[in-house]
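One-letter residues, chain by chain:
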Amino acid sequence: MNAVIEVNSLARIFGRNRAVDGMTFHVEQGEVFGLLGPNGAGKTTTVRLLNGILPPSEGTARVFGFDPATHGEDVRRRTGVLMETPALYERLSARENLEFFATLQGIPESDISRRVDEMLGFFELSSRARDKVETFSKGMKQRLALARALIHKPPLLFLDEPTSGLDPEAAQQVNDLIASLSRANGQTVVLATHNLFEAQRLCDRVAVMNKGRILALGSLKELAHKLWPVTWVSITFHVKPSGDAAGSLKALRGVIQVSVEGEALAVQVKNEDVIPDVVRHLVNSGESILRVNPMDYTLEDIYFALQAGEA
Amino acid sequence: MNWRSIWAIARKDLKEVRQNKVAWGPAIAIPLIFAILMPILFSVLPQVMPVEDIQRELGDMDTLLKNLPPSIQAIFEGLKLEQMFVLYMTAFMLAPLFLIMPLMFSSVVGADSFVGERERKTMEALLYSPATDMELFLGKVLAAVIPAILLSWLTYLVYIIVANIASYGLFQRIWFPLPTWWPLMFWLTPAFALLGISATVLVSSRVRTFMEAYQLSGSLVVLVLALVVGQATGVLFLGVGTVMIVGTLIWIVDAVLIYLSVRNFKRSSLIAKL
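So the sequence lines, in the order shown, correspond to chains R and S.
Each position in the first sequence, counted from 1, maps to that position plus 74 in the numbering used here.
Each position in the second sequence, counted from 1, maps to that position plus 1399 in the numbering used here.
Think of the hints as simulated: they come from the structure by calculation, not from any bench.
Some hints could be false.
Partner residues are not named here, just some residues of chain R that face chain S (Cβ under 8 Å, in silico) [unchecked claim]:
#1 R122
#2 L128
#3 P129
#4 S131
#5 R151
#6 V155
#7 M157
#8 A161
#9 Y163
#10 E164
#11 R169
#12 F174
#13 F175
#14 V353
#15 V357
Yeah, the Cβ is synthetic: ideal placement off N, Cα and C, and Gly gets one too.
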């Protein structure tokens, strides 16, 4: 795997405010990487730093091997950015908007019309291609902004709060599109959001941020394991388990704690690898198992645990 | 330098400005007044009214002519009073007023392009494009300057045609433009167009709305009014030499303002103002 983004001790200071404060992370090719945090956490500033819109105050960043501060044009030629607000030219038509950015992105004149048609078709905007953008709904504008970000087929896509202000249907549509981009085209995506459900659904790894700093970094599983090194599993039985089921389980290697909850057992194990041994042990003891549910931590659990720790 | 990007930005800005009727209203009305109404008024007036009545209102023609340099006074020799009046008003008094046009055109487009883009929150998308700071700057400046110069020249052309037609009954020949107009059109007009946009760019970093930028840069019209007053009072006369000197001074001011504007036109500063 190649690192598309490499960031080392990156900081951006505005007066006394450290908007980004010593961030270090990397993003692999084809990965969907989330920057999570409340408003003011430094997500948008990070996107700006990585695109060479702002120079860093400290530290270094490399995007496709280029330093965005000195080779911003080279970086921006390879990135597409969807901002929180669509920032479209409302007095121009959808087609004119896309044609303009296609030209700026260096798409050859002979290919622009075909490429614009493709994007309008893909985002289901063909029938409104010649209408002024000011007549579009919020969802349509966000789709058009996404089309603009993708017009030059960038290998790296930055999405800053892509579903902000959209109704649930439009948000679902945009999220489906993002998921399909990464799966179908192998594009690397950096998703800056405070929508945890969206991040859990889309991201391979996340960096949880607050006040410009990364509080934790990793996949959902890794983060959960860092916060809660042990795992709980709930085992429901078809018929009430025998009295010594809990006792015998406690003796099993990797089992930390067992408690009886009606017709179920709550078993705390060292890690998920122990669960098959637990199940095997119970089956061999003649117990009739109906359901085994390892306790899943959501990104929401992780996020709030981290933010609470920070507070 | 990627000229394809620069022209794309310029074309896009012009398309946008075309939709801004608030900006274009006065920018269309004033050339129509200058190029059509005023030459007709000053050419037809002495043909329908006794010129003595007009003199009573405006002042004695001989006194007015005394303020002019001898080389210009020579142009008036042998002309009838009506012809003198038309020549004086059409070819000399109205001349500096035409400099309002390049200033106004470039200020309108510049204000819409630099401040309007920020006001409409579309600037950020542009900053994320691969265009360099200089390409963005040039695209926006060209969008303001080129149409300002072309539209000014078009207004001059209409003025020349209308003035000749309206006064044909008096002169029985095509007499306009006089040589003093060539440096006005081709040296001073482009300089004023650039002055309008460079002042607007500088002002744009200190204002929030299109109208604020337009009004502030519009205050440059005072310069034009100074030339008009200077000429009317005999302090300054826009002959070929004076126009060349004033033009050179304006070009120098342009160069300084453009230098300052380019130095301030940085993505990092622009994004901070969004």
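Original post:
Any hints this thing doesn't respect? Which numbers, in order?
Top reply: As far as the earlier hints go, 4, 11, 14, 15 are violated by this structure, in ascending order.
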